[in-house]
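Trainee: Chain by chain, the residues:
Protein chains: 2
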Amino acid sequence: MGLLDYFRSSRPKGSASVAKERLQILVAHDRAARGRPSYLPRLQQEILEVIRKYVEVDMNAVSVKYEQEASHEVLELNIILPDTAQGRA
Amino acid sequence: MGLLDYFRSSRPKGSASVAKERLQILVAHDRAARGRPSYLPRLQQEILEVIRKYVEVDMNAVSVKYEQEASHEVLELNIILPDTAQGRA
Chain A
350 MGLLDYFRSS RPKGSASVAK ERLQILVAHD RAARGRPSYL PRLQQEILEV IRKYVEVDMN
410 AVSVKYEQEA SHEVLELNII LPDTAQGRA
Chain B
350 MGLLDYFRSS RPKGSASVAK ERLQILVAHD RAARGRPSYL PRLQQEILEV IRKYVEVDMN
410 AVSVKYEQEA SHEVLELNII LPDTAQGRA
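These protein sequence lines are chains A and B, in that order. Going left to right, the first sequence walks through residues 350 to 438 as my numbering numbers them. Going left to right, the second sequence walks through residues 350 to 438 as my numbering numbers them.
The hints are simulated quantities; they were obtained by calculation from the structure and are not laboratory data. Hints are not guaranteed to be accurate.
Because identical chains share one entry, a pair is satisfied inside a single copy or across any pair of copies.
Claimed, not checked - Within a straight-line C-alpha distance of at most 27 Å, the following computed DSSO-like cross-link-like pairs (lysine-lysine) qualify:
hint: 1; residue 1: 369; residue 2: 402
hint: 2; residue 1: 402; residue 2: 414
hint: 3; residue 1: 414; residue 2: 369
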């Protein structure tokens, strides 16, 4: 399955098919050294700060999902951008 | 299909099952306003810079994939981290 298919299948489905500006970020980490503490939570904050250079982000419109296994962790950020979003750069 | 399943299925398969430290980043953008130029290429550079605060990244070990449709674009970064990678922070 291609990337576009994955993201297409993961879009929220609803009766309203209004075109929404939306940004989705996944960070997956295969950890060879299991004991080390994860830096993904801090990475998440910094990635959000980078994104805010380009678009307005309402922190209430950000949803975060984090899954962890022994040697694998995935962080997912879903951001609904405001309809009036203008690129900042 | 869950996120972990997706990343598991997208891992390279080979006879060598050496545990590699690996980071994979996907950025998907649903664009309501189609005319506007994409900021994903610049975002990619900045995300890489953020990641380099936490781990050593050999730029030769980074592969980038970019797919675009009319109102949707996906950026994928695959980074093989050095075996001796130590968290910097």
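Trainee: Is it within, between, both or neither when you check residue 369 against residue 402 at 27 Å Cα-Cα?
Mentor: So residue 369 and residue 402 pass the 27 Å test inside one copy only (20 Å; across, 33 Å).
Trainee: With identical chains, the pair residue 402 and residue 414 could be close in the same copy or across copies; at 27 Å between alpha carbons, which is it: within, between, both, or neither?
Mentor: both (22 Å within a copy, 23 Å between copies)
Trainee: I want to check one pair: residue 414 and residue 369. Are their C-alpha atoms no more than 27 Å apart within a copy, between two copies, both, or neither?
Mentor: Classified as both; 20 Å inside a copy, 24 Å across copies.
The structure is consistent with each of the numbered hints, conforming to all of them.
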